[in-house]
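Protein chains in written order, with the working numbering: chain A, -14 to 127; chain B, -14 to 127; chain C, -14 to 127; chain D, -14 to 127; chain E, -14 to 127; chain F, -14 to 127.
Just so you know, the hints here were simulated from the structure itself, not pulled from any lab data. Take these hints with a grain of salt, some might be off.
Below are the DSS-like pairs computed for lysine-lysine, each with C-alpha atoms no more than 25 angstroms apart in a straight line [said to hold, decoys possible]:
(1) K41(A) <-> K4(A)
(2) K34(A) <-> K34(D)
(3) K82(F) <-> K41(C)
(4) K41(E) <-> K4(E)
(5) K41(E) <-> K34(B)
(6) K34(D) <-> K41(A)
(7) K41(F) <-> K82(F)
Remember, predicted model here, so these are calculated numbers, not experimental data.
Protein chains: 6
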Amino acid sequence: MSTVRLWTDQEAEADPAVKAVFDDIRATRRSDVVNTFWRGLASDPATLKRTWDGLKAVMAEPGALDPLTCELIYMAVSVANGCSYCIHSHTAAARAKGMTEAQYGHFLAVVGMANQTNALVTAMQIPVDEAFLVSDGRPTGR
Amino acid sequence: MSTVRLWTDQEAEADPAVKAVFDDIRATRRSDVVNTFWRGLASDPATLKRTWDGLKAVMAEPGALDPLTCELIYMAVSVANGCSYCIHSHTAAARAKGMTEAQYGHFLAVVGMANQTNALVTAMQIPVDEAFLVSDGRPTGR
Amino acid sequence: MSTVRLWTDQEAEADPAVKAVFDDIRATRRSDVVNTFWRGLASDPATLKRTWDGLKAVMAEPGALDPLTCELIYMAVSVANGCSYCIHSHTAAARAKGMTEAQYGHFLAVVGMANQTNALVTAMQIPVDEAFLVSDGRPTGR
Amino acid sequence: MSTVRLWTDQEAEADPAVKAVFDDIRATRRSDVVNTFWRGLASDPATLKRTWDGLKAVMAEPGALDPLTCELIYMAVSVANGCSYCIHSHTAAARAKGMTEAQYGHFLAVVGMANQTNALVTAMQIPVDEAFLVSDGRPTGR
Amino acid sequence: MSTVRLWTDQEAEADPAVKAVFDDIRATRRSDVVNTFWRGLASDPATLKRTWDGLKAVMAEPGALDPLTCELIYMAVSVANGCSYCIHSHTAAARAKGMTEAQYGHFLAVVGMANQTNALVTAMQIPVDEAFLVSDGRPTGR
Amino acid sequence: MSTVRLWTDQEAEADPAVKAVFDDIRATRRSDVVNTFWRGLASDPATLKRTWDGLKAVMAEPGALDPLTCELIYMAVSVANGCSYCIHSHTAAARAKGMTEAQYGHFLAVVGMANQTNALVTAMQIPVDEAFLVSDGRPTGR
């Protein structure tokens, strides 16, 4: 059970600020479904709108990375943060965007290795190789 | 400074088990460089070999995901775990594999959004939508 | 289901060390309820007492921060750690101490932003500005 | 050293989108300083603008929580995420907004207790008390 | 509900690669049970085998640390990562390997203190004492 | 650089509450060294005393787990939390308490595996096996 009230469609219809976001979610995704996350955020319309606008810009509009790659990154973060809801929703989204089971298997293998080597590096407090630090060859400043 | 001794090339040459892994790292990557992580792991040759074999299978051999996508997933995990060494090394690897600055910018935007919505979902303890749970339509069991 | 036995009131009554802590919890909170966390810790009376004494000193006695602010800090930590029990219990405690829904909405917005910018900073490995480092203007030493 | 180029003022002056954000940071904070985080984000003006607009709305504009409380929440998240830059910058910001050393001491005590009890609860997998779950007494739905 | 199909014994019998790992799990543990984790990994036989081989080498074969100590370390990591499944399975394994309730109580106390002092150290950004850094008295290099 | 002033011995001598803790640290450890963590906490004598008393009870007094096992657990938590100071100090303490390099190698292998399997389990959202849940065979209640 959530710590917040989850807005019904009737409630959302009655609040113009919430309705506008719910309508845009439906239009952008071409689906009638507004998933529960947005129903929880609805109590704070400003945060609802800012979060949706950000997510839409990053995940739903054309960008330098393709939509499936974005979902895989989202999944990786959600796993590291242990966010069950986010793992379920973005794994479902990745499948909807064409992720094959072979790709999912490879994703799991990468995530497993990354967490393993992250822990080994951190345990040994390995200093960063000079070679990794030269990112642009220009002096920094302000 | 690390909590372990970092093996020099001379030391690695003198230990057949370590030398075999260092040689394979160089051959696989077509580079003379063996980065510091492996020099720290060398004190435990069994873990050195198992970790390298795993990383090679997942990151250096052909798989269902392309090499750059794998690096982006690795970076996302490393950021969530706050592993400075891993962030530097895999960001460098992603650039070596062709990541453009526009792709890196998109990566940052996705990682930022994912951590933001992960936190919001967790704070509100949002229950998972039924729609996300039907992953394969088959009963599970054993 | 927990990994430990949850002590009933009858069991607690029969163990003087546990009873003393449960009695103090009830007296301090002016409530009959001893929540489940303490029932799990009861198997180790020394840890039970030390944990309760610490929590009482920090959260239940007058301090430099007011009780609601302390709960908001507790909630923020619990969200970042993904502790479902702690999120529920401290969100309930914050509401009991007067947190309005508008304050909760603002809390969510801050927590979301903090996790987003934490991730961006970590991904980019931004060096700390000199200006942030001068905390007291005195040389340190021992 | 960062993984990104840190924009100088001269570079920012030459890019209208970046200049607009840097100008707004200076105007909002009534300070000439644009801290390094924004100089790292500048390579992606869209993310720079969205992040600054979000931070400004949440942290710099009047809200239901006072500015110091917001900084304490930000600090708590940053500690849990281990973001060194964010800890330094928001601890400095909290002091600039009036945090006393006694308040900082209390903050540390709360953060320490929260991380301790989070771990204990998680280790024992304590189920959430029914009493904490009744957040609004209304049926949820969509 | 999981994001993957959990393989039944019948399905595992029909796939030689999966069957070989399941057989080895049963033989190594002298038990008929193959726990659910392996049934989820079975969709990717290469990751299944690599993960099991690694776990077996580290946790089931004689090593420098005794089996119970290994389980306690595993539990500590799982608590810090908030992995409910792993906490349950490794706490059960520790009990099967002889962990007493007094030892479990001590484990909880150590885990609680470690998370508390980790947070305090991180919040205060304490620099590492020189005395802790001299790990082997030899110059490092390559 | 820390966010707090690090107390010198002269300053500690002049404050009875701080002096009492520093004296007890030296007596308990039979060493003249008071490491930097305590010098940072000294600004809040109540938190200093509570934290030291807790650490002493858990780590310095005889308990159900031997001192080296306690340090290994502490190290595992510190790695998962990414606390550099704590990793260095507790790895040094483990060595001082007799940890061999072979034991350290095994520790690293366990920590690596645990973080890997934690991530895989979390990614797949594996449900806990019934067999792991029967911790004491007694009904719980209050």
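Hint by hint, here is what the structure shows:
| no. | hint | verdict |
| --- | --- | --- |
| 1 | K41(A) <-> K4(A) | holds (16 angstroms) |
| 2 | K34(A) <-> K34(D) | holds (16 angstroms) |
| 3 | K82(F) <-> K41(C) | violated (34 angstroms) |
| 4 | K41(E) <-> K4(E) | holds (16 angstroms) |
| 5 | K41(E) <-> K34(B) | holds (15 angstroms) |
| 6 | K34(D) <-> K41(A) | holds (15 angstroms) |
| 7 | K41(F) <-> K82(F) | holds (16 angstroms) |
Comparing the model with each earlier hint shows a violation of hint 3 alone; every other hint is respected.
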